Every structure is written in structure tokens, then in C-alpha cells.
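Colleague: Following the hints, position chain B against chain A.
Here the protein sequences come in this chain order: A and B. Numbers 1 to 282, taken from the UniProt record's numbering, label the letters of the first sequence in order. Numbers 1 to 282, taken from the UniProt record's numbering, label the letters of the second sequence in order.
Do not rely on the hints blindly, as some may be mistaken.
[Said to hold, decoys possible] With the C-beta cut set under 10 Å, the calculated list includes, among others, these residues of chain B facing chain A:
1. Val165
2. Met167
3. Ala258
4. Ala259
5. Phe262
FYI, nobody ran anything at the bench for these hints, they're computed from the structure. Note that the coordinates shown come from a computational prediction; the quantities given were computed from them, not determined experimentally. By construction, the Cβ of each residue, glycine as well, lies at the ideal position given by its N, Cα and C atoms.
There are 2 protein chains.
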Amino acid sequence: MAEPVTVDDPGDPRLRDYTGLTDVELRRRREPAEGLFIAEGEKVIRRAGQAGYAMRSMLLSEKWIDAMRDVIDASTAPVYVVTPELAERVTGYHVHRGALASMGRRPLPAARELLGRCRRVAVMEAVNDHTNIGAIFRSAAALGMDAVLLSPDCADPLYRRSVKVSMGAVFSVPYARLDSWPHGLEEVREAGFRLLALTPDERAVPLTEALPGGPARVALMLGAEGAGLSARALAAADERVRIPMAHGVDSLNVGAAAAVAFYAVSGAASPRSPGAAGAGGP
Amino acid sequence: MAEPVTVDDPGDPRLRDYTGLTDVELRRRREPAEGLFIAEGEKVIRRAGQAGYAMRSMLLSEKWIDAMRDVIDASTAPVYVVTPELAERVTGYHVHRGALASMGRRPLPAARELLGRCRRVAVMEAVNDHTNIGAIFRSAAALGMDAVLLSPDCADPLYRRSVKVSMGAVFSVPYARLDSWPHGLEEVREAGFRLLALTPDERAVPLTEALPGGPARVALMLGAEGAGLSARALAAADERVRIPMAHGVDSLNVGAAAAVAFYAVSGAASPRSPGAAGAGGP
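Only chain A is shown next, with the shape it has when bound in the complex (with noise of 0.2 Å):
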């Protein structure tokens, strides 16, 4: 553990994983490249660690030591109090959850690594907005999907809105990315999964028609909002699923459109599935 260290100089070089938190532009090339990510208060910072990801440092105002004393303890890192005025200046917002923790990256793993050991997997492709990110990996922990892989250019889950807005998921659902793309898809087919492809086009299959019954492998793929599956990734899928519309209306948001697949594709649609909780019973 180390003695938290009141600073007050804004410019202090202690400070600088938490300076200019409000510049997205900056911070998304920023964070990977320096190997960090920002975990803002008090659950999201426990979560990170009992997730396994090591504290580079804590960033807190005097009133939060006591809450946080067991985080603080548990770890080397550098505790840095600061005044509610100062943490503004440095990040550009008033932080008033109270705590930020700047924690290190992990290596992500390889694909074809997380693919051995899933048997309901999410595809994502050009997911580029923090806030989708973040609630497709809330609904994918709920309903039990047991990996996400992401296309090359998806959106950072570990970018501060991202984390936010799962609750801490995307510390507890596996995630890798896809080097190429749509090429990578190949090696989902070749782990023995069958890919589904999300669209709304009509003449798509419903989706519980598309599902394979017992312990076959799915690889739901899902586009962004508005644009969808771009259409290489729907001429690499195994078949294009939808989920039934009431007439007259486009489609649902990505999100709900994401919780209702996942909510069908683990099983727990057909109360009796071998896919439902009751599985493996006599």
C-alpha cells in the first residue's frame, strides 16, 4: 500500500494518465498506446480490480480515502489526493463519482484462443459509438454470452464511456479483435461455429427458426446503428437472421435489437431448450 500524497500543482507529471478526460480524440489514441484505462468510481474501480486488471494509480478528493482505504491498501499504486478544483482542471469535468483510477491494459486474447472454450459468441462489426459498445456487453453478460470478438474498427470497451455504461462488464465478458476483416470470420467457421448475421431485410430468417437445437456453436453477428451489417459481412455468414417486425416499422435500436438475439440465441427463449438453465438435467 502506499500513503495517499496531496498534490496541487495541475501540472504535476504524477498527473498526467488523467489529463484532458473530456477529449475523446485524444484519449482514444492516447490510452492503448500508453497501456491504460480510466475506471471512474468507487464499483467500477472495485470491479477493474477483482477482474484482475492492476492499478497504475488512484485520483481522489480528500472525502473519498475512507470509502476506498481496502482498494487503496490492497495495492502498490500511487494514491493522488486532490481538490473537487484540481481534478477538474486536470480531467475537464467535474468528477463527481468521486474516484478515477488509472489501470493497466492486459494483452487481449488471440480469437481463435477465446473461440475453444465459447459456445454462444457475439460478432461485432464497426460498433464505433462508447455507449453501444458499453450496453451490448451489459445485455451480453446478463444473458449469458460467453465471448465477444469485435471487428477491427469497433469502438474501445475499455474507454471510460464504455465502462460506464456496462456497469463493469466488459471486465467480465472475454473479448478479442478480429485482425481482418471479414477474412477473420473464417477462422469463427473453422472453430465450428455457425454465423448468424443480424439484419432486418425481411427475407432473412426468423431467428428462432435459424437456430440450431442442442450444443451447436453461434456466432451472432451484429452491425452498427443505422448502417447494419455492411455487406461483406453478409455474404460471409453461414445464413441472415431476423428478428420479426410488427409491420410498418424499420428496426429497433442496436441495443434492444442486440438483447433480444442474445436473449434467443443462449436459449432462454424455449424454457424446455437444452440451451436453458435446466441443461445437462436428467
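Modeller: Frame of chain A, contents of chain B only:
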């Protein structure tokens, strides 16, 4: 049709419907009291008109006149042409969608009247976030819910933000307010509906197991993000139901939970169920 009139005084009383649009508290009081709501952007204005709402007036910048010409011609409402700067001074924000319309509200139907012609209704308690209300209506429309009932303290589906997030679904899904809560639920039960209360409580019955087969009427009750349904509302339900969650995850966000639940109760989850697309077939 009315000839477009150029207005260059931000204090012109004819622009009164559009003043202070960013002041949520003000607009939340004014709009229902004055019998109006604001439709923003070409698509939403058209959908409001198609749904039968009468236009009181339109406010737009000159370059949008051609795009809106047919809407202008089809109405007798006055059309005010302003510069983007004037639009911003009046409304309080940069109107990048180009056109705003003030639309007349209509009396809401009585709950009893709606229930008579519905089979699947969503009942919302205290959902007072305009984004959530909009998202839930969008999913309700797409996933085939017949109507929405609101507790007295739910937010206004016709507030500008709700309308936008719903993509106009607030115009197509009929809704009513229950005058008393939770006592008004008795009326829903008397209309032949089984009241299912959605909760993350692990002791509740998995949603699919609670669904009555065939043409039975179901009212699905949803609470607000965070708080969920109140104890009084839960006590007034016929059954408590849950979406099966993977171990260790607290809950879905309310939009995702609503989408999954609508999907499950609308019958799309079971391809061969009487509620699905093939209903009534041989």
C-alpha cells in the same frame, strides 16, 4: 396551404410555441397545458402528420422549404421562415435538423377503451426519463405490443426527446394513462389481462414459463431504471416474472429488459406458438 412568412424578430409572438426548447422543466409544464408538442426533423414531422396530428405551425430555415413543400401544401398552418441564428435564439439550440413543427395534441383514449381491443400491453410505472420512454415505445412498436399504459408519474411520450428516440413510434403505438396507481391496475385485470410484473428478483418465475398459451391477454409491468417496480405495484400483479440472467449480473438496463420481455410475450420467441406470425394457419 399557407405561404411561408419570413420572421426576423426573436420576440415575435407567433414563434411562442418554439421558445426555450432546451428548458426541460418549462416545456414539460407548458406543452401539455397549451395542447402542443414539438416534432423535429423531416421524418418525425411527416410521421406525426401521417398519424393524424394537426400541425399548428412550422418553423424552418429557407433551404428546407423545398424538402417540406408537400407537407406545407397539405396544411393550412402558418409557416415561419427564419435564419439558423434566429432559430437558435428562439429555441436555445442549433436546430440542425432544419425544421420544427408545433403539433396539436389530441385527447388520450381511456385505458378501458384501449384494453378492449388489445391482447398484449406494456404497463410502465414511474419511467420518467424521456430517452427511456422513447426507446421503450420504439421496441414496443417493433415487437408487436398493442398498447402502452402509463402510471400517472411517467414522463410524457410526446416530449421532443421521447418522440425523437422513439423514431415516431409514440405516434403509432396507442397509449393511455391510468388515473390512479396502483389501483388502476384493477381495471386492467377486469378487462381480462393477466398482470405480469418484471423484476430481477431471482425468486420470480422465468418469463417464458409464466406465459399463458394461446390467445390469453397479457399486461407486462415494467418499472424505472434502478428502482424497478414499487412494492405496491409488485403486490398488485398476478405473477412476478424475470428474464433469466447469467450468474453474477444484477440486471439489464430498462430498454434492453423491455425489448427482451416484449419479444418473449409477443410470441415471436416461439416460432410455433399461437402468437407467432403463423397464427390462425391450418
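Colleague: All the hints need checking, so say for each whether the structure fits it.
Modeller: Each hint tested on the structure:
{"no.": "1", "hint": "Val165", "result": "holds (8 Å)"}
{"no.": "2", "hint": "Met167", "result": "holds (7 Å)"}
{"no.": "3", "hint": "Ala258", "result": "holds (8 Å)"}
{"no.": "4", "hint": "Ala259", "result": "holds (4 Å)"}
{"no.": "5", "hint": "Phe262", "result": "holds (8 Å)"}
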